[in-house]
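Residues per chain are reported as follows:
2 protein chains.
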Amino acid sequence: MNEQALHAVHAEVLAVGDEILYGDIINGNAAWLGNQLSEAGVRMTRSAVCPDDEPAIAAAVTEALGRAHILILTGGLGPTQDDLTREGLARAAGAELVRDPGLESDLRRRFSELNRNVPERNYQQADLPVGATALPNTRGTAPGVRFPMLGGVAYALPGVPHEMYDMFTDSVLPELVGHGSVIVHRILRTAGMWESAVAEALALQVEELRGNGGNPAIAFLASGGQTRVKITAQGPDRASAATLIAPVEAAALAALGTGVYGRDNDTLEGVVLATLRERGATLAVAESLTGGLLAGRLTDVPGASSVLLGGIVSYATAAKEDLLGVPAETLAAHGAVSDETVIAMAEGVRDRFGATMGLATSGVAGPDLQEGKPVGTLHVGVAGPDGSFARSLRLPGQRPQIRASAVVSALDVLRRALINAHTGS
Amino acid sequence: MNEQALHAVHAEVLAVGDEILYGDIINGNAAWLGNQLSEAGVRMTRSAVCPDDEPAIAAAVTEALGRAHILILTGGLGPTQDDLTREGLARAAGAELVRDPGLESDLRRRFSELNRNVPERNYQQADLPVGATALPNTRGTAPGVRFPMLGGVAYALPGVPHEMYDMFTDSVLPELVGHGSVIVHRILRTAGMWESAVAEALALQVEELRGNGGNPAIAFLASGGQTRVKITAQGPDRASAATLIAPVEAAALAALGTGVYGRDNDTLEGVVLATLRERGATLAVAESLTGGLLAGRLTDVPGASSVLLGGIVSYATAAKEDLLGVPAETLAAHGAVSDETVIAMAEGVRDRFGATMGLATSGVAGPDLQEGKPVGTLHVGVAGPDGSFARSLRLPGQRPQIRASAVVSALDVLRRALINAHTGS
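Chains G and L supply the protein sequences, listed in that same order.
Take our numbering: the last position of the first sequence gets the number 425, and nothing is skipped along the way.
Take our numbering: the last position of the second sequence gets the number 425, and nothing is skipped along the way.
Read the hints as simulated data drawn from the structure, not as lab findings.
The beta carbon of each residue, even a glycine, is placed where N, CA and C say it ideally should be.
Which bits of chain L does chain G cover? Going by a derived footprint, with three or more residues having C-beta under 8 Å, they are: (1) 119 to 125; (2) 311 to 321.
Quick list of the computed label-pair ranges, beta carbon to beta carbon: (3) G:62 with L:35: 22 to 32 Å; (4) G:82 with L:239: 26 to 36 Å; (5) G:367 with L:105: 18 to 28 Å; (6) G:354 with L:204: 57 to 67 Å; (7) G:82 with L:222: 18 to 28 Å; (8) G:386 with L:174: 50 to 60 Å; (9) G:82 with L:236: 18 to 28 Å; (10) L:214 with G:114: 23 to 33 Å; (11) L:263 with G:274: 43 to 53 Å.
My request is simple: use the sequences and hints to build the entire structure.
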């Protein structure tokens with residue numbers, strides 16, 4: 001790595017607005033900007049939301065530019081009394097707000113195109129702090145502001161997402177790229193492993209990378225019953241960063257083994273469907289605990305119909321007998337929540353749909369025990385040309401998490417069965 | 001309003017985590033907390049996101065408690081090396097981290113319930129800064145932290161939303177309420193109406209309330225094929241605010257008619273299941289376009305099994321014939337995406353499960369046309385003791401939005417059918 005990579009640009013994001021602060025709007029702009037800045041190799045020191053209040057905006061701007069060189073503001077550029085971003089920037093810099101004649105005539109032109117006069121209040125959108133320049137808004141009336149101030153640069157963009165995206169891409173991004181270094185991510189996606197087991201498997205690697213200054217770095221993100229391993233490297237360009245990632249990725253893959261089902265934007269359901277498709281196999285699902293969510297997840301994938309023939313949600317016990325052909329004796333002897341029943345469900349649905357593979361779930365989602373079995377109990381059944389088997393698991397959490405994790409677990413049991421069938425182990 | 005209302009508690013929210021800063025996760029927690037704080041009459045001075053970095057966390061904590069009396073942190077309490085919220089709090093307060101024997105034994109108990117040993121790394125979740133106390137986590141392994149420090153109080157909550165919601169409600173909210181003025185919301189939930197139609201129906205009311213100073217105020221929030229009408233009033237106490245809401249709510253209900261299916265935390269699936277249960281009716285669903293999501297949504301509701309007998313996902317056309325008994329001639333003459341087929345599906349699934357009502361979906365989720373029908377086409381079929389009918393709709397958006405809206409539309413078609421059957425219209 002060369003010297004330059006160590007001097008990454010630091011940036012912050014500041015959203016202005018009570019409606020974001022109090023959660024009437026979720027701050028998707030900050031997430032989008034965070035993604036963009038990460039890809040441009042810009043490091044973020046903080047992201048914040050402040051109220052529609054001139055002194056509060058000015059204070060947040062001053063603090064942000066004390067930590068970072070670049071500040072990107074969103075919102076507060078509209079025509080109402082609550083739109084105070086221009087005022088806040090001017091106050092922070094100790095600059096006056098002056099009406100810009102060019103912006104004023106742009107406003108008149110825009111409104112006349114709509115056969116309207118400019119409402120008096122809208123003229124504030126033509127104001128700029130002395131020393132700032134306007135950023136063109138190709139999609140709306142509020143121009144942005146580029147303001148070199150307090151030893152850095154503040155960019156004020158509109159709060160409306162598509163206006164903000166365009167202005168950032170057209171006017172801000174070109175000034176950021178090429179300054180710093182580039183950050184490249186590789187995500188390894190695991191299923192069927194607890195987050196702590198993933199962290200444990202990679203503990204030595206993480207320790208060693210920390211000792212080497214944290215480039216590349218490894219982070220763990222657990223959600224919905226899956227753990228993602230994110231390897232991040234920084235370098236002067238994409239190729240150098242990728243070169244740093246390669247050996248770490250190879251070592252992580254070796255440590256995690258079949259726990260890894262995919263990379264980057266892969267999904268577990270997509271990988272399972274693709275594996276089946278490669279082998280010319282079809283699938284049908286029988287769901288009790290997951291109640292349709294398993295089929296729903298598989299059919300999220302465009303083109304799923306060439307593999308997934310369909311499914312049966314056998315929520316009522318009678319449906320397990322009538323529609324899936326689970327023998328009454330099996331239900332009586334072992335209960336609906338059992339390895340025996342879930343195997344019969346998988347075999348039944350495979351048979352009903354004439355599919356290569358059958359996959360079934362049964363268990364206890366809660367809030368109450370069922371057949372004396374605890375909340376979180378899951379049985380997964382797999383039936384295929386080589387026979388049938390079941391796995392039973394105990395999932396943490398409450399009803400929604402148990403159901404979501406059960407979908408992931410069922411898909412992962414099938415995925416591992418397909419790997420084992422293939423390797424003959 | 002009395003004097004007390006002018007002395008509101010000031011609070012800030014700080015989310016810890018690179019994955020939020022760089023937009024891998026949208027900060028929904030901050031929005032939820034902002035809403036809760038607003039309802040509790042707490043004023044927010046700032047909300048922020050900081051990286052997984054101990055000095056950065058400590059600095060953000062110190063700054064926040066310089067502006068506000070209450071700081072609520074989310075995230076960074078997990079078992080991995082990246083989870084540094086405890087460390088950041090300790091550093092900001094100049095306090096040591098000490099392992100708590102009670103928390104240590106809680107961890108052991110939780111893991112033994114899952115038949116697992118505590119991974120070495122997880123023990124860091126039993127650490128607390130000296131002077132802090134633990135907040136119980138009823139849904140996960142990470143306890144929260146309550147830490148009186150720097151002249152205020154910091155509450156560190158988990159980043160996992162449902163764990164955070166519970167801990168905030170149980171352990172933080174009771175310490176906040178009663179300080180300032182109170183904001184009360186009433187939400188009216190509509191389905192089967194476009195947002196613009198809802199806004200149109202209430203336009204005069206909105207105008208009038210604006211003229212009266214915006215207390216109460218009406219806002220529209222559209223998502224997932226539904227539009228919520230949020231009526232917000234502010235007053236010195238809950239009763240006075242509720243008194244302001246009542247007449248506005250009555251007028252809105254009159255203007256929106258059967259478009260309103262419920263209030264506040266009602267869900268469309270919950271209302272449909274409750275209506276069926278009241279009438280002693282049962283339901284079975286047949287899904288093509290929605291591919292399991294409709295059954296999945298209904299089975300989200302605890303106790304759904306007393307009404308929902310089950311469903312059939314007939315993704316492959318052959319499954320529509322074999323499992324649902326849709327006549328081959330119907331499929332040949334009208335196609336799978338048609339009123340005729342969806343009626344036959346609803347009748348077929350009603351018959352197979354022996355349910356009072358059958359509900360079916362067919363359509364085109366995209367990305368490609370099907371049978372020459374455009375992406376977004378939806379047919380909903382309803383079969384019951386009084387006969388069958390179909391509705392066809394055209395839904396906007398792409399595959400994920402179309403599938404989600406189709407679930408809502410199907411539930412709403414059934415809901416309206418049940419209302420009409422009941423009123424005999």
